[in-house]
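Spelled out, the chains give:
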Amino acid sequence: MTEAISVRSLWAALLAFLRRDIRSLFGKRIPESVAESSPAPLLAPHDGKISPTTLLDPAKLGGVRRRRKVLDWRDETIVNADSAGIDAFQDFSVHVQDLLKDVSIWRLLWAKPANEVLRVEFDKRVRLHIRKEMRTAEKRLAELLTLQDRSDRRRPSFVDDWPDRDLTCIAKHGFRPNNEDEILSCLRGLVMSNQGIVPMFQRQTISIADELIGKVAQ
Amino acid sequence: MITQIMFEIPAMYEAAVRSGKVIQIGGLLKNAASGQIVAHLQESGLAHSLIGKGMLASTNPAMLAVSEAANSATGIYTAVQVKQIKAMVEGLQALQIATLGVSLLGVGVSVAGFIYMRKRFNSLDSKIETLINTVNVGFEDQRKAMLRSHLSQVKSLMQQANQAPTLSKPEHEYSRIAESLAEQATHFEGELEFVMKVSGKISSELFWQLTQALMVCNSVRIDCRMRTNELHNALTVSEDVAQGYQRLFGRLTPISFDAQIDECSSTLNVLKDITDAAATKPYLIDYLRSQQIDGRSYMTQLEDETERPLLMLKVA
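Protein sequence lines correspond, in order, to chains A and B.
Residue numbers in the first sequence follow the working numbering, run continuously in steps of one, and reach 218 at the last position.
Residue numbers in the second sequence follow the working numbering, run continuously in steps of one, and reach 534 at the last position.
The following block holds chain A by itself, in its conformation from the complex:
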């Protein structure tokens, strides 16, 4: 009799095992598709296993805010660099046109290379203008990091790695009115083209922001 009961219970256990949902044999993680195959009653607590206390730490919200501030700084700096470049080049173009109007007859025949004539003024009107914008951006960033109480020992800064300092791109053009378009086109490229001063500044901005956001994430 006892043996019969034991065989029956063994058989029942085997049946129960065979009927068992095979998915329950694997870990606790329930995939999305499985979770939804047995919809929970709408007004009942989930399954009793989930803690009623909060699962997320509000302290981590500070990271969201810091990240946003850095992104805002990055985007504002990029926009400011763009307008600084456009304004500076506009101002410099007017200056070049004024100079070209005053070229003497002698210099029309034996023109100086354009870079010799323009290098100093280009530094003063374009490079310094953009450098000023870079320093302003650095200052804003320093204020931001101070507000965020960041203990970074090294504060990120821009590198004055100006492309084509000697304006060699216009060295082949004589400084005379009939070369105005070529000269200005080359210089516009030096300021705004992909390898120009402004995009270089913008790439550095993105790189600094990425570095800071990486630190925020840590």
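Since the hints were made in silico from the structure, they are not lab data.
Treat the hints with caution; some may be incorrect.
[Unchecked claim] Computed Cβ-Cβ distance ranges for the label pairs, DEER-style:
1. A:Q195 / B:K532: 48 to 56 Å
2. B:G418 / A:P156: 46 to 54 Å
3. B:R366 / A:Q90: 43 to 51 Å
4. B:M224 / A:L144: 31 to 39 Å
5. B:A250 / A:E143: 36 to 44 Å
No residue lacks a Cβ here, since even glycine has one placed at the ideal position from N, Cα and C.
With chain A fixed as given, assemble chain B onto it according to the hints.
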């Protein structure tokens, strides 16, 4: 389970935000001193219908700046709706939120209002269709066909979600739709990655339309999980969505797009607001879960709201 939720209005928090005692992060307010969450911002179904209507008229993200919203609203809205939009704009301004983008899809739990979502998606569908034909972004014919197919599938899922309440037991249907939308969201995320990787500037308009498609999918799938009271799952999904938006949108800068730099900045501000709102959404769902607030009741109450487009859920 709690089935009646007491909401407040954003204006009640204006003074605290202005004084700096309370700070806004995405869709929530935090006590500046203690760091504790004070309240969650939540859109109602009314917000969705108002914004949805505006979005169908224009899909330019730049129009979503708060200050421009009331002006741009007058042409397509009734006097009552204009008043409601102004209330929404004032609510966002009270909390110092810069764009209506957060209300687009959305702050708080996405109370999708499937009918509006469907209308919006139909509008998106036709715009994307035009864009992939006119914008040269390297879409081959096969890829275009695939995109069309996914757009059709999402439209169909929206329709099914809209019809689900008429089922005797809609829970399973909502779960199925959520699962399918997860797959669709992955597809649109992949398309966005593709558009971003193609050399040169990103087509801002195509990017924006695809982004909306992605956000519609994510919003509705979270909505569906809420309706089946799967709050723990909704929380996990919303965390994944938030991480996805950070990864995807955080790389974009004002020089990433083919549009004017100022216009790109506006688009980016909307995307940043949306990213922040997505990052704080899990905290709201976690709060609902921890307070044992019934997900379906919560959604129903938001959908039934007819006067206030934005609400605050005070943290007890």
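Quick rundown of the hints versus the structure:
Checked against the hint of 48 to 56 Å, the pair Q195 of chain A and K532 of chain B passes, with Cβ atoms roughly 54 Å apart. The given range of 46 to 54 Å is broken by G418 of chain B and P156 of chain A, whose C-beta atoms sit roughly 28 Å from each other. The hint said 43 to 51 Å for the Cβ distance between R366 of chain B and Q90 of chain A, and at roughly 45 Å that hint holds. Distance hint check: the CB atoms of M224 of chain B and L144 of chain A are about 38 Å apart, consistent with the given range 31 to 39 Å.
Restraint check, A250 of chain B to E143 of chain A: a C-beta distance of roughly 18 Å breaks the suggested window 36 to 44 Å.
In summary, the numbered hints that this structure violates are 2, 5.
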